[in-house]
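The lines below spell out each chain.
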Amino acid sequence: MDFNLVIAGEAGQGLNTLNFVLSKILFKSGFHIYSTKNYESRVRGGHNFMKIRFGDEKITAPKDEQDILLALNKASIEIHQDYVKDDGIMIYNGESYEGELREKNQDKEIFSLEAALIAQDIGNGRVANTVFVGVLLKLLGMNLKIAEEVLDEYFRRAEDIKQMNIDALHKGYEKAEVAKRRFEMPEVTPRDNQILINGNQAIGMGAAVAGVQFYSAYPMTPATGVMNYLAKRQNDLGIVVEQAEDEIAAIMMALGGSYSGIRSMTGSSGGGFALMTEAVSFAGIAELPIVIVDVQRPGPATGLPTRTEQADLLFTINAGHGDFPKMVIAVKDAEDAFYQTFRAVNLAEKYQIPVILLSDQFLADAEVNVDAFDLEELENYNGFISDKEAKNITDYRRYAFSDDGVSPMAYPGQLEDDIVLIDSDEHDEHGHIIEDAETRVKMVDKRFDKIDKLIMEDLEEPEYVGPENIDYLLIGWGSTYGPLQEARELLEQDGHDVGLLTFSDVWPLPIEELEDKIDGPTSIIVENNGTAQFSRLISAETGIMINHELVKYNGRPFTAHEIYEAIQEEVID
Amino acid sequence: MVNPEIYEPNRETAWCPGCGDIPLRQCLAEVLAELELKPSQVTMFTGIGQAAKMPHYIKVNGFNGLHGRALPPAIGMRLANPEMKVIVESGDGDTYAEGGNHILHNIRRNPDIAHFVHNNQIYGLTKGQASPTSEETLTTSTQPNGITQRPFNPVKFAIAMGATFVARSFVGKKEHLKAMMKAAINHKGYALIDILQPCVSFNKINTYQWYMKRVYELGDDYNSTDYHDAIKKADEWGDNIPIGIIYKAEGVPIFRDRHPQIGDRVLVKEKKHPREFQALIDELK
Ligand SMILES: Cc1ncc(C[n+]2csc(CCOP(=O)(O)OP(=O)(O)O)c2C)c(N)n1
Ligand code: SF4
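Protein chains in written order, with numbering that gives the first Met the number 0: chain A, 0 to 572; chain B, 0 to 284.
Since the hints were made in silico from the structure, they are not lab data. The beta-carbon is built from N, C-alpha and C at its ideal position, and this holds for glycine as well. Warning: the hint list may mix true and false statements.
Claimed, not checked - Derived DEER-like restraints, expressed as beta-carbon distance ranges:
1. B:E11 / A:F400: 22 to 30 Å
2. B:K231 / A:D386: 49 to 57 Å
3. B:P252 / A:T16: 51 to 59 Å
4. B:P252 / A:D159: 45 to 53 Å
To be verified - Non-contacting residues of chain A with respect to chain B, defined by C-beta distances greater than 10 Å in every case (computed):
5. I194
6. Q212
7. R232
8. I238
9. A249
10. A253
11. A278
12. L374
13. Y410
14. I418
15. L420
16. D435
17. T438
18. M442
19. T521
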């Protein structure tokens, strides 16, 4: 059982705070929660909204249909009224256009609240949003205890403002007495070992936990959240976050850190990543570990800055000139984002290669509850030679040929009497420039030997969910995972035998599981881009042709129902 | 004393006989030796170009990266390891054209880096196109009608931007160049030396003789801490070209000072364990 709430208004009206506070209250009360952000590329005005879906079971996707609309301005009602269920409720600020509204929404309850006036009475117009929180909690039949705790925590630095907010909370709660409609909430109890986190935070946290000591980047929505996460904590963590002058500098700084022996990372969105590609290629030949996160937004070029898309797949896989090994991992949800970032940092160091993490705006901003990450199981891979080994080295070869292509990596200063030389030109084992044909071939082969090893030891097959025998095989990658999971369940409830295969590792492309599952069922690929890029990748790599391609490229994420309905109409009927 | 030979400054190079890079390398080896540094204590970051091949011709830790991009990775190392001597070596095209944005912002950062620009007023490696510092009278294969832009004045630019150490020197004056290099390496902050370095193959205007006739050393009476005097000096070019420390400011905070959370820590010697980070998780409960 789940409930859906949409909060809508203009940029600058405090939607973010309202969303945060409400989500936190619901989360702390014990609900499973999934909130998504929908915002425009402007600082004030326009139309923004956030959806909070919550219930007593795990939620993996957003929903279009809403039980409650909380409208901070008139436009919000006009835009969202059609999505509010007939037995839903619309709460809005002021009474100016009752008649017209009532006519259009006969069955819905329209609850008008003079939040601004109430807030003024309390002494601060800015607490109006907290009045709404009070109203909502009353409608949901919840008490104010947890809400007070959350406000207490949120405003812990400003005692007077805190008190005003608590007053506003109570005022809203009282006001809602007169509302006719109430919602039956399922019984839930708070769960201790859960956290509320979004995709960008998960990547930032994954990086910190993996021991990343340097993150350099240039701001670009929606990747900036990763930088913000680490920057805010840099003093506590004793790490450095540097805002570079451009994306070229950002990745080159990180590569300088990496060469110096510290774990370094950078990130951007597609356009910024485009500027980094020469350096990706450089990391390939210089064999420098680096993790680059591309939090995708729709392109081409500047595209839709605050919207979502999965259209950088083929670009990232092909990023960089020349032949060289790299790895691309598409993260599936916040939990995956954390563990995959941790893994990416380790694999980059183990194989001395660039590893690209693909996320997107949808995942970056989606806030969900997950089990607290388990740090006990995590172990860092140390790709550097030990100081003891370093002592005995007199003829250090940074690019020494080896069986698996991985050469012993030292950092400058580690070798007492020798040096560490890396190079973007083709080079010999010592790192010196060469032009002879034979060494060139050996070096190219050496670099690709590393990828053979990676495929053998570390490549992860996609996750499969579903019964053994199926009529339909859903295929997805990255952030469509959540909506696809729910869509699969909906199809199963209708009596269909459906399996879901979701890829995290997309390059090199793991093909065993795919080849195993593809024969027999009707295959349907679901992608948040216009040209079904992953479908093309699969056919290029394996010759497999997927039966149906379901794509979406309007800048918005998939909902589960949308996938479910499209499959019913286009595939099953 | 350290013997300059440990830097192997006589390695075979792909530079043309007579190239100004050759004496420059010799000076550098002698300076590093005189500063009692071992090869493992120095790291050189370069871009691409004839000058940028330096780490292959002198034995120090070397990062021979991308065209124009020598400064950013040096910043990465500067944060990771405060103990390392960091030198950036690059050409005039590498630094002032492709790397323009980086020099601009690294002056603002004031990192503890010595930056030696081999200014031959031409692109050597790509066989003789104009560089940002080329004379307007030059014609080249790609500029048959002459240069389309006025020459860039790196010294004036750096002073105006607030660089804390700006010098000019000439490879034909070895003792002078060595003194400048030493001062730059010892300077706490970003130290730029624009080094006049003849390209005997492609620059037929700015030859050894041309520079020899024009350069003069700044005397003891020159006050390098006066900004306005420095700007005036920076404008001198043509018949008389001043060499020496043109501007210097002491006591300006360096880049690492602005990161008190790392202090003097040598980050590369720290190994973190995932379990140290439980607080990050608890914060989101
Ligand atoms: C991105 C990129 N653009 C262009 C080049 C080609 N290129 C190599 S060196 C160079 C110019 C070098 O001139 P300068 O920096 O003055 O150094 P010099 O060779 O004169 O020492 C150019 C344009 C390159 N390697 N990479
Ligand atoms: S082309 Fe010019 S700069 Fe390059 S090695 Fe020859 S003389 Fe030196």
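Hint check results:
1. B:E11 / A:F400: 22 to 30 Å: holds, 23 Å
2. B:K231 / A:D386: 49 to 57 Å: Holds, at about 53 Å.
3. B:P252 / A:T16: 51 to 59 Å: violated, 36 Å
4. B:P252 / A:D159: 45 to 53 Å: With a Cβ separation near 37 Å, P252 of chain B and D159 of chain A fall outside 45 to 53 Å, so the hint is violated.
5. I194: violated, 4 Å
6. Q212: violated, 5 Å
7. R232: The assertion about R232 of chain A is violated, with a minimum of 7 Å to chain B.
8. I238: violated, 7 Å
9. A249: The assertion about A249 of chain A is violated, with a minimum of 8 Å to chain B.
10. A253: violated, 6 Å
11. A278: Per Cβ check, A278 of chain A is inside 10 Å of chain B; nearest 7 Å; violated.
12. L374: violated, 5 Å
13. Y410: Given that some Cβ of chain B is not farther than 10 Å from that of Y410 of chain A, nearest at about 6 Å, it is violated.
14. I418: violated, 5 Å
15. L420: The claim is violated: L420 of chain A sits with its nearest Cβ about 4 Å from chain B, within 10 Å.
16. D435: holds, 14 Å
17. T438: holds, 15 Å
18. M442: Answer for M442 of chain A: holds, closest chain B Cβ roughly 15 Å.
19. T521: holds, 41 Å
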